[in-house]
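Q: All chains should be modelled from the sequences, with the hints used to inform the complete structure.
Protein chains: 6
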Amino acid sequence: MSSPSSERRERAFALLAQLDPQAPEKVAKNLDELSDDFAELVLGFAFAYVVSHPGIDLRTREMLRVAALMAMGNAPGQLEFHIRAALQVGVSRSEIVEILLQMAVYAGVPACMNGISAARKAFASHGRGDQGS
Amino acid sequence: MSSPSSERRERAFALLAQLDPQAPEKVAKNLDELSDDFAELVLGFAFAYVVSHPGIDLRTREMLRVAALMAMGNAPGQLEFHIRAALQVGVSRSEIVEILLQMAVYAGVPACMNGISAARKAFASHGRGDQGS
Amino acid sequence: MSSPSSERRERAFALLAQLDPQAPEKVAKNLDELSDDFAELVLGFAFAYVVSHPGIDLRTREMLRVAALMAMGNAPGQLEFHIRAALQVGVSRSEIVEILLQMAVYAGVPACMNGISAARKAFASHGRGDQGS
Amino acid sequence: MSSPSSERRERAFALLAQLDPQAPEKVAKNLDELSDDFAELVLGFAFAYVVSHPGIDLRTREMLRVAALMAMGNAPGQLEFHIRAALQVGVSRSEIVEILLQMAVYAGVPACMNGISAARKAFASHGRGDQGS
Amino acid sequence: MSSPSSERRERAFALLAQLDPQAPEKVAKNLDELSDDFAELVLGFAFAYVVSHPGIDLRTREMLRVAALMAMGNAPGQLEFHIRAALQVGVSRSEIVEILLQMAVYAGVPACMNGISAARKAFASHGRGDQGS
Amino acid sequence: MSSPSSERRERAFALLAQLDPQAPEKVAKNLDELSDDFAELVLGFAFAYVVSHPGIDLRTREMLRVAALMAMGNAPGQLEFHIRAALQVGVSRSEIVEILLQMAVYAGVPACMNGISAARKAFASHGRGDQGS
Numbered sequence: 001m002s003s004p005s006s007e008r009r010e011r012a013f014a015l016l017a018q019l020d021p022q023a024p025e026k027v028a029k030n031l032d033e034l035s036d037d038f039a040e041l042v043l044g045f046a047f048a049y050v051v052s053h054p055g056i057d058l059r060t061r062e063m064l065r066v067a068a069l070m071a072m073g074n075a076p077g078q079l080e081f082h083i084r085a086a087l088q089v090g091v092s093r094s095e096i097v098e099i100l101l102q103m104a105v106y107a108g109v110p111a112c113m114n115g116i117s118a119a120r121k122a123f124a125s126h127g128r129g130d131q132g133s
Numbered sequence: 134m135s136s137p138s139s140e141r142r143e144r145a146f147a148l149l150a151q152l153d154p155q156a157p158e159k160v161a162k163n164l165d166e167l168s169d170d171f172a173e174l175v176l177g178f179a180f181a182y183v184v185s186h187p188g189i190d191l192r193t194r195e196m197l198r199v200a201a202l203m204a205m206g207n208a209p210g211q212l213e214f215h216i217r218a219a220l221q222v223g224v225s226r227s228e229i230v231e232i233l234l235q236m237a238v239y240a241g242v243p244a245c246m247n248g249i250s251a252a253r254k255a256f257a258s259h260g261r262g263d264q265g266s
Numbered sequence: 267m268s269s270p271s272s273e274r275r276e277r278a279f280a281l282l283a284q285l286d287p288q289a290p291e292k293v294a295k296n297l298d299e300l301s302d303d304f305a306e307l308v309l310g311f312a313f314a315y316v317v318s319h320p321g322i323d324l325r326t327r328e329m330l331r332v333a334a335l336m337a338m339g340n341a342p343g344q345l346e347f348h349i350r351a352a353l354q355v356g357v358s359r360s361e362i363v364e365i366l367l368q369m370a371v372y373a374g375v376p377a378c379m380n381g382i383s384a385a386r387k388a389f390a391s392h393g394r395g396d397q398g399s
Numbered sequence: 400m401s402s403p404s405s406e407r408r409e410r411a412f413a414l415l416a417q418l419d420p421q422a423p424e425k426v427a428k429n430l431d432e433l434s435d436d437f438a439e440l441v442l443g444f445a446f447a448y449v450v451s452h453p454g455i456d457l458r459t460r461e462m463l464r465v466a467a468l469m470a471m472g473n474a475p476g477q478l479e480f481h482i483r484a485a486l487q488v489g490v491s492r493s494e495i496v497e498i499l500l501q502m503a504v505y506a507g508v509p510a511c512m513n514g515i516s517a518a519r520k521a522f523a524s525h526g527r528g529d530q531g532s
Numbered sequence: 533m534s535s536p537s538s539e540r541r542e543r544a545f546a547l548l549a550q551l552d553p554q555a556p557e558k559v560a561k562n563l564d565e566l567s568d569d570f571a572e573l574v575l576g577f578a579f580a581y582v583v584s585h586p587g588i589d590l591r592t593r594e595m596l597r598v599a600a601l602m603a604m605g606n607a608p609g610q611l612e613f614h615i616r617a618a619l620q621v622g623v624s625r626s627e628i629v630e631i632l633l634q635m636a637v638y639a640g641v642p643a644c645m646n647g648i649s650a651a652r653k654a655f656a657s658h659g660r661g662d663q664g665s
Numbered sequence: 666m667s668s669p670s671s672e673r674r675e676r677a678f679a680l681l682a683q684l685d686p687q688a689p690e691k692v693a694k695n696l697d698e699l700s701d702d703f704a705e706l707v708l709g710f711a712f713a714y715v716v717s718h719p720g721i722d723l724r725t726r727e728m729l730r731v732a733a734l735m736a737m738g739n740a741p742g743q744l745e746f747h748i749r750a751a752l753q754v755g756v757s758r759s760e761i762v763e764i765l766l767q768m769a770v771y772a773g774v775p776a777c778m779n780g781i782s783a784a785r786k787a788f789a790s791h792g793r794g795d796q797g798s
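Protein chains in written order, with the numbering used here: chain A, 1 to 133; chain B, 134 to 266; chain C, 267 to 399; chain D, 400 to 532; chain E, 533 to 665; chain F, 666 to 798.
Derived by calculation from the structure, the hints in this document are not laboratory data.
Idealized CB from N, CA, C, for every residue including glycine.
There could be a bad hint or two in this list.
[Claimed, not checked] For lysine-lysine, the following PhoX-like pairs were computed, each having C-alpha atoms within a straight-line distance of at most 25 angstroms: (1) F:LYS691 to D:LYS520; (2) D:LYS425 to B:LYS159; (3) E:LYS561 to A:LYS29; (4) C:LYS387 to A:LYS29; (5) F:LYS691 to F:LYS786; (6) F:LYS786 to B:LYS159; (7) B:LYS254 to B:LYS162; (8) A:LYS121 to A:LYS29; (9) C:LYS292 to C:LYS387.
[Stated by the list, open to error] Which bits of chain E does chain A cover? Going by a derived footprint, with three or more residues having C-beta under 8 angstroms, they are: (10) 558 to 566; (11) 644 to 658.
A: Below you can see the structure in the form of C-alpha cells.
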C-alpha cells in the first residue's frame with residue numbers, strides 16, 4: 001500500500017520533525033500546493049537520503065549546514081531555521097557564535113553580519129519555546 | 134624585543150604549521166613580497182585570533198571550513214588545502230565524502246563536483262606523505 | 267526630433283509593457299529619479315538590444331531568465347517579476363515548477379526554496395489578474 | 400536481482416550517455432573511487448529523477464542548464480560539458496551565443512566572458528567529433 | 533587600565549562614528565549581546581586596522597566598499613549604510629549613480645537594480661538629516 | 666559609411682587600447698569568431714557607454730572595477746587584466762594592496778588570497794613592460 005515514494009516522504013518528514021516539530025506541516029503545505037511530487041522529489045532526496053545519511057552525527061551535521069548557509073548567504077530564512085535546528089539537537093549558543101566568527105574570515109564581514117541577524121532571531125524564538133541551550 | 138605584532142604573526146604561523154608544515158614558508162613568501170604588514174594583518178586576524186579561538190575543537194573547525202569553502206566555491210586551491218589540513222588533524226576520508234554529499238544538497242551538484250575534484254587531489258597528495266587517514 | 271537614444275528608450279519600454287503593462291511607468295519613475303540617462307543606458311542595452319534580440323523566442327527567453335535568476339538568487343523581486351512575465355507570454359505553471367526542480371540540482375535546495383517562495387507570490391498575483399495559465 | 404538503487408543508477412547513466420557517450424564511464428570512475436554509493440545518490444537524484452523528468456523537452460532543458468551554469472559561474476568544466484550536450488541534442492551555436500548575450504545582462508560581462516571561453520572550447524571539441532550543429 | 537583590546541575597540545568605534553554618529557551604539561548593542569569579545573574581534577580587525585589603514589583616502593575607500601557590496605549583492609542593509617557613509621564623507625549622489633552603472637556591467641542588471649533600491653533609501657534618509665550632497 | 670554601430674565599436678576599442686594596447690586585437694578575435702555583432706553589443710555597451718562615462722575619473726574607475734572583481738571572485742583573468750589596467754592609468758602597487766586588504770574584510774580571506782594571486786601575476790607582467798608604477 002505504501003509505495004517506495006510515500007515511504008521516502010515519510011522518512012523525510014520524520015527527520016524534519018526531529019529538527020522542528022512544526023516543519024513537516026509547513027513544508028508539506030508549501031510544496032504540495034505547487035506540485036504533487038515536489039515534496040517527494042526534493043525532500044525525499046535532500047532529507048531522507050542525504051541529511052540523514054550515517055557517517056557524521058546530526059549535531060555536527062547541523063553545524064556544517066549553518067556554516068554553509070552563512071557562507072553562501074542566499075537563504076536567510078533557512079539559515080535561521082538551521083540555527084534553531086542546531087540548538088534543538090544540542091549545539092550551544094557559544095558554538096554558533098564561534099561559527100559566525102569563522103565565517104567573518106571565510107565569507108567576509110557582511111556575510112557574518114547577516115548571520116548575526118539570523119542568529120539573534122533564532123536565539124530569541126528558540127529561547128521562548130525551550131530554555132535548554 | 135618582540136612587538137605585539139610580531140608575536141601575533143608567530144602565533145599565526147605556528148597554527149598554520151600544525152595544518153601543513155610547509156605552509157608558513159610559502160605564505161610568508163607570498164604575502165611579504167606584496168607588503169610588509171600584509172601577513173601580520175590578514176593572518177594575524179584570520180589565524181591567531183579566529184582560527185585558533187577556543188570553543189570548537191580544531192577537527193570540527195576544519196570540517197566547518199571545508200563545508201564553507203565547498204559552498205562558496207570561489208577558492209578551489211584553499212579548499213584543497215583545508216581538505217588536506219582536515220585529514221592532518223584527524224578527519225577521515227569518509228567524513229569528507231559525507232560533507233560533499235551535504236553540499237550537493239545545499240550548494241548544488243556543480244559545487245559538489247568541484248569539491249570532488251579538490252578532494253581527489255587532496256586525498257592523492259595526502260596519501261603520498263602520510264598513510265594515517 | 268526623436269534622438270537615437272530616445273528611440274532606444276521607446277523600444278525598451280514597449281518590450282517591457284509586453285511583459286507587464288504597469289512596468290514601464292514604475293521603471294521610468296525609479297530610474298529617472300536617480301539620473302536622466304540611467305533608464306536609457308541600462309534599459310536601452312538590457313531590453314531593446316539584448317532581451318528583444320532575435321534568435322530565441324520570447325517564451326524560451328523568459329524561461330532562461332527565470333532559471334538564471336533562480337540560480338543566482340540575488341534578486342528575488344526580479345525573479346518574481348520574470349515568473350509573472352513568463353506566465354504572461356505563455357509559460358505554464360508546471361513548466362515553472364520543472365525549472366525549480368532543475369535548480370534544486372544545479373544551485374542547491376536553498377536556492378530552490380527561495381524560488382518556490384517567488385513562484386508562489388507570482389502565481390498568486392498573476393492568478394488575480396489573469397486566469398490564463 | 401537488480402536493486403532499486405542499481406536501476407536508478409542505470410537510468411542515470413543511460414541519460415548521461417545521451418548527452419555525451421563517454422560521460423558514464425568517466426563519471427563512474429570519478430565517483431566510485433570516492434565512495435560506493437556516491438554515484439547512486441547524486442546521479443540517481445540529479446539525473447534519473449530530475450534531469451529526465453517530463454514536462455520540458457530535453458533541448459530546452461539543456462538551454463536552461465547552460466543559462467544557470469553561466470549565471471552562477473562556479474563550474475566552467477560543467478558549463479563546457481552542458482554546452483556540448485546542448486549542441487548534441489539540437490541546440491544551435493547561434494542559440495548558445497544568444498544565451499551568452501542574455502547572461503551579459505543578467506550576470507554581468509565577466510560571467511559572460513567566462514561563458515564565451517567555455518563556449519569556444521565546447522564548439523571546438525564538438526566540431527571535431529560531429530559536424531551537425 | 534585600558535587593555536590593547538579595549539583600545540582597539542575604541543578606535544573602531546571612533547571610526548564608525550565618523551561614518552554614522554548612531555552606528556557605534558547600535559553595533560555595540562547587537563554584537564555584545566551575542567558575545568563579549570565579538571565586537572572587539574570583528575570590528576577591531578575590520579575597522580581599526582583595515583578600514584582606517586592609511587594609503588587610500590576615506591572618500592575613495594567608501595566608493596570601493598559601495599562597489600564591492602553592490603557587486604556581491606549579499607548585504608543590502610550594509611550597502612545602504614555605506615552609501616550613506618559615502619555621502620557623509622563627501623561622495624556626491626551622481627558619483628553613486630556612476631558606480632551603479634559600472635556595476636550593471638560588472639555584476640549584471642539585477643545587482644544594479646538592487647543597488648538602485650539601496651541608493652534610493654540612502655538618498656532619502658541622508659536627505660532628511662543633511663542637505664550637503 | 667561608418668554606421669552608428671561601427672562607430673560605437675571604434676570608441677570601445679579606443680578605450681580598451683588605453684588600458685592595454687594589445688587588448689582590442691585579442692578581444693575582437695575572440696568575440697567576432699562567435700558572432701558578428703557580439704563585440705558591438707557587449708563592448709559597445711560595456712566600454713563606450715559605461716566604462717568611459719564621465720563623472721568619475723578613469724583612475725578611480727579602475728580601482729572600483731578591481732574592488733568589484735575581487736569581491737565577486739568569478740573572473741580571475743579579468744581581475745588580472747584590470748589590475749594591469751589600473752597600474753597603466755596611474756594606480757600604485759600599494760593602492761592595489763590596500764584594496765586587497767579591504768576585500769579581506771568585505772569578501773573574506775579566500776577572495777583576498779585569490780586577489781593576491783591575480784595581483785602578483787599582474788605586477789610581474791606589468792613590471793616587464795613598464796617600470797612606471
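Q: Does the structure break any of the earlier hints, and which numbers would those be?
A: Going through the list in order, the structure violates hints 2, 3, 11 and respects the others.
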